[in-house]
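**Student:** Whenever a hint applies, use it, and build me the whole structure from the sequences.
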Amino acid sequence: MNSTETLNTINAPAAESPLAEHWHQLKRSKTAMAGLIIILAFILIAVFAPLLAPMDPVAQNIEMRKTAPFVSEYILGTDDLGRDMLSRLIYGARISMTIGVIAVGIALFFGILIGVISGYYGGMVDKVIQRLVDIMLAFPYILLTIVIVAVLGPSLTNAMVAIGISQIPRYIRIVRASVMAEKESDYVMAERALGASDFELMFLSILPNCLAPISVQATLGFGSAILESAGLSFLGLGAQPPTPEWGLMIASSKEFVTSAWWIVTLPGIATLLAVLGFNLLGDGLRDILDPRLRD
Amino acid sequence: MSDDTLLTMENVNVHFHTRRGVVKAVRDLSLHIKKGETLALVGESGCGKSVTAHTINQLIPMPPGVIESGSVIFRDRDLLKLPEKEIRKLRGTQISMIFQEPMTSLNPVFKIGEQLADVFLTHQKMTKKEAHAKAVELLDLVKIPSPEKRAHDYPHQLSGGMRQRVMIAMALASPEPGLMIADEPTTALDVTIQAQILDLLTDLKDKVDMSILLITHDMGVVAETADRVVVMYAGRKVEEGTVYQIFDNPSHPYTLGLLNSLPSNEKYADHSRLEAIPGNVPDLLTLGDGCPFANRCSWADEACEKSFPGITELDEGHSIWCHKSEEVKNRSVR
Amino acid sequence: MSESLMEVKDLKKYYRISSREGNAKQTLKAVDGVSFDIKKGEILGIVGESGCGKSTLGKTVLRLHEKTEGEVLYGGRDLFSLDHKEMVDLRKSIQMVFQDPFSSLNPRKKVGSLISQPLRIHKAGTPAEIAEKVDSIMEEVGINPMYKNRFPHQFSGGQRQRIGIARALTLNPEFVVCDEAVSALDVSVQAQILNLLQDLREKHDLTYMFIAHDLAVVEYISTRIVVMYLGKIIEMADKDELVKNHTHPYTKALFNAFPLTDPHKRDQKEKIVMGDVPSPINPPTGCHFHPRCPYAKDICKQQYPPLKEVSPGHMSACWLNE
Chain U
1 MNSTETLNTI NAPAAESPLA EHWHQLKRSK TAMAGLIIIL AFILIAVFAP
51 LLAPMDPVAQ NIEMRKTAPF VSEYILGTDD LGRDMLSRLI YGARISMTIG
101 VIAVGIALFF GILIGVISGY YGGMVDKVIQ RLVDIMLAFP YILLTIVIVA
151 VLGPSLTNAM VAIGISQIPR YIRIVRASVM AEKESDYVMA ERALGASDFE
201 LMFLSILPNC LAPISVQATL GFGSAILESA GLSFLGLGAQ PPTPEWGLMI
251 ASSKEFVTSA WWIVTLPGIA TLLAVLGFNL LGDGLRDILD PRLRD
Chain P
1001 MSDDTLLTME NVNVHFHTRR GVVKAVRDLS LHIKKGETLA LVGESGCGKS
1051 VTAHTINQLI PMPPGVIESG SVIFRDRDLL KLPEKEIRKL RGTQISMIFQ
1101 EPMTSLNPVF KIGEQLADVF LTHQKMTKKE AHAKAVELLD LVKIPSPEKR
1151 AHDYPHQLSG GMRQRVMIAM ALASPEPGLM IADEPTTALD VTIQAQILDL
1201 LTDLKDKVDM SILLITHDMG VVAETADRVV VMYAGRKVEE GTVYQIFDNP
1251 SHPYTLGLLN SLPSNEKYAD HSRLEAIPGN VPDLLTLGDG CPFANRCSWA
1301 DEACEKSFPG ITELDEGHSI WCHKSEEVKN RSVR
Chain L
2001 MSESLMEVKD LKKYYRISSR EGNAKQTLKA VDGVSFDIKK GEILGIVGES
2051 GCGKSTLGKT VLRLHEKTEG EVLYGGRDLF SLDHKEMVDL RKSIQMVFQD
2101 PFSSLNPRKK VGSLISQPLR IHKAGTPAEI AEKVDSIMEE VGINPMYKNR
2151 FPHQFSGGQR QRIGIARALT LNPEFVVCDE AVSALDVSVQ AQILNLLQDL
2201 REKHDLTYMF IAHDLAVVEY ISTRIVVMYL GKIIEMADKD ELVKNHTHPY
2251 TKALFNAFPL TDPHKRDQKE KIVMGDVPSP INPPTGCHFH PRCPYAKDIC
2301 KQQYPPLKEV SPGHMSACWL NE
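Chains as they are written, first to last, in the working numbering: chain U, 1 to 295; chain P, 1001 to 1334; chain L, 2001 to 2322.
Honestly, the hints are just simulated from the structure, not real lab data.
The model shown is predicted, which means the values in this text are computed figures rather than measured ones.
No residue lacks a Cβ here, since even glycine has one placed at the ideal position from N, Cα and C.
Be aware that one or more of the hints could be misleading.
Unchecked claim - When the alpha-carbon atoms are kept at most 30 angstroms apart in a straight line, the in silico DSSO-like pairs for lysine-lysine are as follows:
(1) L:K2269 - P:K1034
(2) L:K2029 - P:K1149
(3) L:K2297 - P:K1143
(4) U:K127 - L:K2085
(5) L:K2301 - P:K1143
To be verified - Computed, partial: chain L to chain U, Cβ under 7 angstroms:
(6) D2100
(7) S2104
(8) L2105
(9) N2106
**Tutor:** Structure follows, in structure tokens:
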């Protein structure tokens, strides 16, 4: 035998990439798939809202006020100002998805950045960051959001920012914990031995291995962002009339709960479905990606 | 088969149904264990040695595992046909098992003396005090220093070697120990501790009249403790014989290759290159019906790719399963 | 003998750990005053059981851990006195192959990217040159370059270790620490990797520090062997000298305990060593080995024996040598 004995004689077994593996597991979870379908439906509705909506969501038809569902061309009825419920709900999906993307985007960006730094460096940096996180977490969550909106002024954009900011601490905690676990791995030590810089280790080596818990949290966070924005709009701190935002729709029609139930109920159901979709998918992802997180 | 046989496995096939396909983990395996002997099941990762052990005490996770066919006769009963309740009764009494990592098999919240005494209390009628005394006696038997004191320790307070001794004591706590399955019992231990545990196992086997099924990848451990050896490769038995037959006259190309690739082999005293077996263990998913070693074997030809060979008896009790036994024999003078 | 490549002088690496009882911090002396040198071209084997500090030693001499005390001179310069930039520069010449090919390769990176990483870090060439280098090094370690877009988990243990070795060699280092580089592998694959390491050493003029708990492997590959016990060197000599004339009772015990692959010799072995390896947190007083040593004298319980030359190039730390 000579030095080339093994050259080219070994074959890498044909196995799947980690992503494909996860997709197969996800497909087997009925609840997660249900969640995914709901979410996809809402995303499609949001993207194609102008094509799908039969009418202008803010156009009023005073004559047709409080028309019940399934009795006229207004399939899901009209609200107290005679606006088409279906169109308003469809445009509401667009707003809710935007809220989710922006709020979660803000929370993810800062949460990951601060969490990685806190977990990777440890020591004093970590201690200071964690005490700040403690302080933020000590406020009741919704109160924190309200305070931020109150400072920034009530508007839909500010509500998104406020929700994003108040979600940051959760991501810091999750990212920090997984970074701390990952940074002890041999592969980090190995890459350090090659001369890799701290930046490279933090964001190119460690972070990709922490994506599992982050994506679970982001999915769940999406749902709660939609819920919170509905809450803020309900309180008058988020979207302003006549925006077809679900929370605002509920708030402005709460007095008709007995007389025209659909005006209050339909946006409520839409909110519930969207949040449910994200929670189902989030729980499914958690089971697959990070069984330790199950509680 | 004579009367001194404790366990006989006949034509056992174990499959695992995974999403990517069927893994034939153990194929057409037959073996027997005599009373009082140590049978070593040796092979590299994926050869099916642990699956074989788990077939005996019915610890194969089902699904995805399926025991497709075969029988495992232990003391005149076919273990594969026994109801779960009967098997559970056998496990821990007549068939015991020690693992590579003893910490995982001991309950961390109970003192080791209590855990040992529990074994007595479940299977025998005696008072708590008697059971405790018995437990201490056993700890002494497995040569744990100051057993009376140690009985009050929790598992985490013991070293790895001590925990393995406790596991062995647990196996001995049964009234009629028959077979101890030792699955890589010393792999996690330091070499000086390993030597002590192997000595202990050999001593005890004679004292309490039990058989040991030793599962290991380490040819050194085999040479030190086994009476007979079964060499497995990719789910198949490829060679079987007494420990002397296997080490003095290894006859299957795989066994030869395995012994030749050991750096401790005397022939490398001059620091020459090791005679490694080229290539890798085949993927069990795609393995055909031929000899699994064919793709790494320098003697292999088309016949080897096509069918698994029948038995070639070389000597009393020494057999190989190889199409090329004649060629191998003529070239492999050690 | 040729010149020294690395000189380790009285190196200490202590860890402060909190004890189970109370808040008092205890000191774990993982490496406790170790001195040796590594000559150019040799394979220095470091052997010992768990807790002897061999792995910590391997990582500290590469400054993957900071030292507690002592010096590691490489080319005459103390590694620990270098600034960040100098250290990154030096990493080109000193490399490491890790024990576990499953955990030492980033699971989210493709093989090609893993192997090219050191080249990219040190900006060693244009993308085309780097790609070419990756192909040639993959070929050299016996992995077909067509697999560079696969992930580490798609390879077997032996193949992964080849990838780990390829990564360590892309920058043409002169000194490589192999930390249990073959212990996680099956015997038949282990032999392939040992051969590969030897071939590469000849071809690239490498010097190895080869850390392992497996005496047979260390004995086979090393030119000189260091035996460690609880953070200290207890014996050190050229391979043949150590194998034939070891004087320390622990070295004897190690050789004795190692299972031979000859069943005829199983009853001829002396059984000398007893008991467990003590914890490195509270090592025994005097000679750390005395509680397990059948020859222990009174002085062994009180004073740690000095590491003394018993014959040219053969050092041993035992009061019996006096």
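**Student:** With reference to the structure, classify each hint as holding or not holding.
**Tutor:** How the hints compare with the structure:
no.: 1; hint: L:K2269 - P:K1034; in the structure: 27 angstroms, holds
no.: 2; hint: L:K2029 - P:K1149; in the structure: 29 angstroms, holds
no.: 3; hint: L:K2297 - P:K1143; in the structure: 25 angstroms, holds
no.: 4; hint: U:K127 - L:K2085; in the structure: 28 angstroms, holds
no.: 5; hint: L:K2301 - P:K1143; in the structure: 25 angstroms, holds
no.: 6; hint: D2100; in the structure: 6 angstroms, holds
no.: 7; hint: S2104; in the structure: 4 angstroms, holds
no.: 8; hint: L2105; in the structure: 6 angstroms, holds
no.: 9; hint: N2106; in the structure: 4 angstroms, holds
The structure shown violates none of the earlier numbered hints.
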